[in-house]
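Residue numbers (my numbering), protein chains in the order written: chain A, 1 to 97; chain F, 1001 to 1495.
Watch out, some of these pointers could steer you wrong.
[Stated by the list, open to error] Coverage of chain A stretches by chain F, computed from C-beta distances (three or more under 8 Å per stretch; other residues unrestricted):
1) 22-28
2) 53-61
3) 73-79
[As the list claims (entries may be wrong)] Residues from chain A that face chain F, not an exhaustive set, calculated with beta carbons under 10 Å:
4) VAL18
5) SER48
6) ARG82
[What the hints assert, rightly or not] Heads up, incomplete: computed chain A residues facing chain F, CB under 10 Å, no partners named:
7) LEU6
8) GLU34
9) ALA46
10) ARG84
Keep in mind that the hints were calculated from the coordinates and are not lab data. Where is the CB? At the ideal position from N, CA and C, for every residue including glycine.
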Amino acid sequence: MLAEALALSAALFTIGVVGVLIRRNAIIIFMCVELMLNAVNLSFVALSRYYGADGQVFVFFVMTVAAAEAAVGLAIIISIFRHRKTVNLQNINLLRG
Amino acid sequence: MTKFDLSIPSQLTAALAPDIFLMAGAMVLLLWAAWGRESVARQRAVGVASMVLCVLVAAVVGYFMWLDATVGPGPIAMDGFRWTADLILLLATFATIALSMDYNEREGITAAESHVLLLLATSGMMVLVSARDLIIVFLGVEIMSVAVYILAGLNRRSDRAAEGALKYFLLGAFSTCFLLYGIALVYGATGSTNLTEIGERVVGNGAGNPMLLIGMALLVVGFGFKVAAVPFHMWAPDVYEGAPTPVTAYMAAAVKAASFASFLRVWMEAFPDVFVQWHYAIWWVAAITMVVGNLVALAQKNIKRMLAYSSIAHAGYLLVAILARGNLGSSAFLFYLFAYTLATFGAFAVVVVLSDRGDRYLKIEDYAGLWTVRPWLAGSMAVFMLALLGFPIFGGIGFFAKWYMLQAALDSITPLTNLAVLLVLTSVISAGYYLHVVLVMFMKPVSRAESEPQLAGRLTQWVIAAAAVLILVFGIFPDPVVRLARSSVIVPIGR
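Given these sequences and hints, build the entire structure.
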C-alpha cells in the first residue's frame, strides 16, 4: 500500500515538474506547482499511516500555506496582465542581461 | 543559565518571545497602515514606527542572549547562532526600512504596508533560523517568501517589477515544492521531522537508504534555489534587477542569510553523521557557484545585475562554511554574513542614490567621474566594493571575513584545501568587476547627461555612512565581532 502511494505521489510530482518546465502560460505553471504540492501531501498522508499523525499535521500546514501563496500569486499574475495584456511567459522578457 | 522545557506550552511561547513580539507588533502596524488614506507622511510615520519595532525586538533578542538560555528537545533551538543571526537579520531590516522610506517617496510609492511586509518577512526569517523541526523550517520559509513575493512587485507602475515578481513567485513556489518533497522523503526515511531525532536515526537507518539520499538531494535543490546557488540561480539576476532597489538589498542580504542559516542548521543537526553521502554534492555546488557567479559577473553592464551575480558568488563562499562543519564553520559563517550584509547594504544604498527617479541610471558607465562630483559617495562605494572583494585595510572587515572563511576551510576535520584555493582564485577574478567600478568612478570623465546626481535623502545618507564606518572600524578592530561569532555556535541537543 505504502509503495503504491509513494509511486503515485512521485509520478504526480514528476508531471508537475515537467509541466512547469515545458508550459509557458503563467496560470498553467502555477497549476502545475499546486499539483506538485498536492503530490507531496499524498506522500505525507501515506507515510503517516506508519509513523503517526506528524505527517497529517504537516499536510494541514501545507494546505494553509498553499492557499496564502495562491492569493499572492494570482495577485501578481493580475498585476502583470494589467501591464502586458498577456500571461504568456514568452512575451514577458524585459529583463535580460 | 535558564533552561527552557519546550514540552510545556508556556515555556515554548517564551522561547519564541522575540518572534511573537515582532509578529504582534507588525500586525498592529499593519492595522495602522491600512486605517487611513495613503500618503507620504503616513508612509514615513509607519516606517519610523517599524524601525523602532526593529530596535525593540533587537533588545528582546539581546536580553535572551544575556540570559544564555538553553533548551530541552523540541521544535525550537535557543543558542548563540540563533540570536546572532536574528541580530544580523534585524540590522538588515532596519537598513532596508530606512532606505525604502526615501526610495518610496522618490518613486511615488505611498503604500505604507511595504514596511510592515518587511517586518512580516523578517518574522518568518527569525522563525526560520530558530527552527529545529522541518515543519517549522517550511513555515519559516513560506512566511518569509510570501511577503517577499509581494515586496518584489511593490512598484505596481513598473512593468519590470511586475515581471521580476512573477518570475520570483513562480520559481520560488517551484523550489518550495522541492524543499517540501525533500522533507517528505526524509520524514519517510527516518519517521521524524525533528532535526535531533533525524540526526539520531540516520545512522541506524543505514546511510545508503535511497529515500534518505533522494530526500537530502531535494533539500539541497530547495535550499539552493533560496540562496541562489548555481545551478539554481537563474531567477536571481532578473528578480534583483526588477525589484525596488531597497528590496533587492533585502533579498541579497536578509533572505539569503536566513535561508543559509537554516540550511546550515539542518545540515549540522540532522545530517552530520552522513557527511560522506552529501560531501561531494555540496562541494561541487560550492565550486561551480564560485566560478560561474564570478565569471558571469565580469560580463555585466547593469550594476544591479552585477551585484546579483556577485551575491551568487558569495553564496558559493558561504557554502564552504557548511562543508567546514562544526563550530569553526558556523562562526566563520556568521562573521562572513555580518561583513557581507554591511557591504551589500552600503552598495545598494549608493545604487539607490545614483539611479535617480524612475531608476534611469543603472549602468556601471553612469558612475563615471563620480569622484569629481560626489567624492564622499564615490569613496564609500569604493569601500563597499573593496569589502566585497575582501581587500585588506581599505576593504575593512571584508578581508577578515574571507580570512576566517579560509581558516575554517583549512582547519576543518577534513581539510578543504582545494576549495580554499578555488575561493582565493575566484576572489582574484572578482577583482575584475569590483575594481572596474572603482576605476570607472575615479578615473573616467563624467558621462551622464545631467552631470549632477540628485541629493540623497537623509536616511539613505545615514545608511551609507554607517555601513562605511562600521566596515572600516571593524576592519581595524575586528575583535568584538570575532568574539561574538566565536560564541555564536549551533548547539545540537545531546552531542
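Here is what the structure says about each hint:
| no. | hint | result |
| --- | --- | --- |
| 1 | 22-28 | violated (count 1) |
| 2 | 53-61 | holds (count 5) |
| 3 | 73-79 | holds (count 5) |
| 4 | VAL18 | violated, 12 Å |
| 5 | SER48 | holds, 9 Å |
| 6 | ARG82 | holds, 8 Å |
| 7 | LEU6 | holds, 7 Å |
| 8 | GLU34 | holds, 9 Å |
| 9 | ALA46 | holds, 9 Å |
| 10 | ARG84 | holds, 7 Å |
The structure does not agree with the numbered hints 1, 4 stated previously, though it agrees with the rest.
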